[in-house]
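The task is simple: from the sequences and hints, build the whole structure.
Everything in the sequence shown is counted per our numbering, starting at 285 for the first residue and increasing by one.
There's no promise every hint is true.
[Unchecked claim] The following label-pair restraints were derived from C-beta to C-beta distances: (1) Leu423 / Asn455: 36 to 46 angstroms; (2) Arg359 / Pro420: 43 to 53 angstroms; (3) Arg339 / Asn509: 16 to 26 angstroms; (4) Ala487 / Glu399: 34 to 44 angstroms; (5) Ser457 / Phe390: 25 to 35 angstroms; (6) Ala415 / Ser295: 24 to 34 angstroms; (7) Lys484 / Ser308: 27 to 37 angstroms; (8) Gly299 / Leu414: 28 to 38 angstroms; (9) Gly412 / Ser308: 30 to 40 angstroms; (10) Arg359 / Arg464: 13 to 23 angstroms.
[Stated by the list, open to error] Restricting the straight-line Cα-Cα distance to at most 25 angstroms, the calculated cross-link-like pairs of lysine to any residue (SDA-like) are: (11) Lys290 / Leu302; (12) Lys441 / Ala503; (13) Lys290 / Ser443; (14) Lys419 / Asn451; (15) Lys290 / Gly364; (16) Lys441 / Val372; (17) Lys290 / Val316; (18) Lys484 / Ile469; (19) Lys512 / Ile502; (20) Lys512 / Gly473; (21) Lys395 / Gln508; (22) Lys419 / Glu382; (23) Lys395 / Asp358; (24) Lys512 / Gln498; (25) Lys441 / Arg356; (26) Lys290 / Gly324; (27) Lys290 / His497; (28) Lys484 / Ile517; (29) Lys441 / Thr335; (30) Lys441 / Ser457; (31) Lys290 / Thr335; (32) Lys441 / Leu302; (33) Lys441 / Arg339; (34) Lys441 / Gly324; (35) Lys290 / Ala503; (36) Lys395 / Ala427; (37) Lys395 / Ile474; (38) Lys441 / Ala427; (39) Lys441 / Phe369; (40) Lys441 / Met483.
Don't read these hints as lab results, they were simulated from the structure.
Don't be surprised by glycine CBs; every beta carbon is placed ideally from N, CA and C.
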Amino acid sequence: MTPLLKLENVSRRFGGLLALDHVSVSLGRGEVVGLIGPNGAGKTTFVNVVTGLLRPSSGSIEFDGHRIDGQRPDRISRHGIARTFQIVQPFPRLSVRENVAAAALFAGGAKTQTEATSIADEHLAFCGLLADTNKPAGLLPLAGRKRLELAKGLASKPSLLLLDEVNAGLNPSEIDEALRLIAAIASRGITLLLIEHLMKVVAESCSRLLVLHQGRLIADGPTQNIMKNEDVIEAYLGRRYADMQKGAGI
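Take a look at the structure:
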């Protein structure tokens, strides 16, 4: 089966810094995959290259069998790729509903404002924000703004949704709620790529992990195997985490 997303020898340079170093990876349809690695490993650069905010310095990117590297972000979004941002920045003076309706209009194929509003309400209900539809988006607490990012992403009708640190700054109960929401999104058949630092999230959500270190893909495989990989332990997880896993019988 043709992979949904395929990167072949993708590199991205910033002057003398090689942020992505000949990364080759494929994502299948319906997969939930985690992307982990230390700060500065290239995770956000990976997402920015896939979504068109950055052009790869070399290599190719295919989505659903078509080359997309070099295309503008709006074109890539219309192919069916959506993302959330690590630093959440909604249109603060627009209502929660208007933020999501804008995504439906400009990326999700809605033909009219009425259709966009209907789509927005559907995804706001799904994300637990229906009670906040008329509130200015800037007044939402952090957890609400994170859910708003998810609703905006879903309103663009993605086949692939890239979640960049969607749980950063949340408390444990909010993370548990986010995990339930991620599982519900995955149950719709949407392919998910989670860029995460929280191992609880990737352990519970992801069947497969990709590990970046200094721009290189150093590991790719089933989550439990990757968590025991010596290269990954050395580069990112740390010996203490590995010992805790052993103590828990994982």
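Legend entry - Unsatisfied constraints (hint numbers, rising): 1, 2, 3, 6, 8, 10, 12, 20, 21, 30, 32, 34, 36, 40
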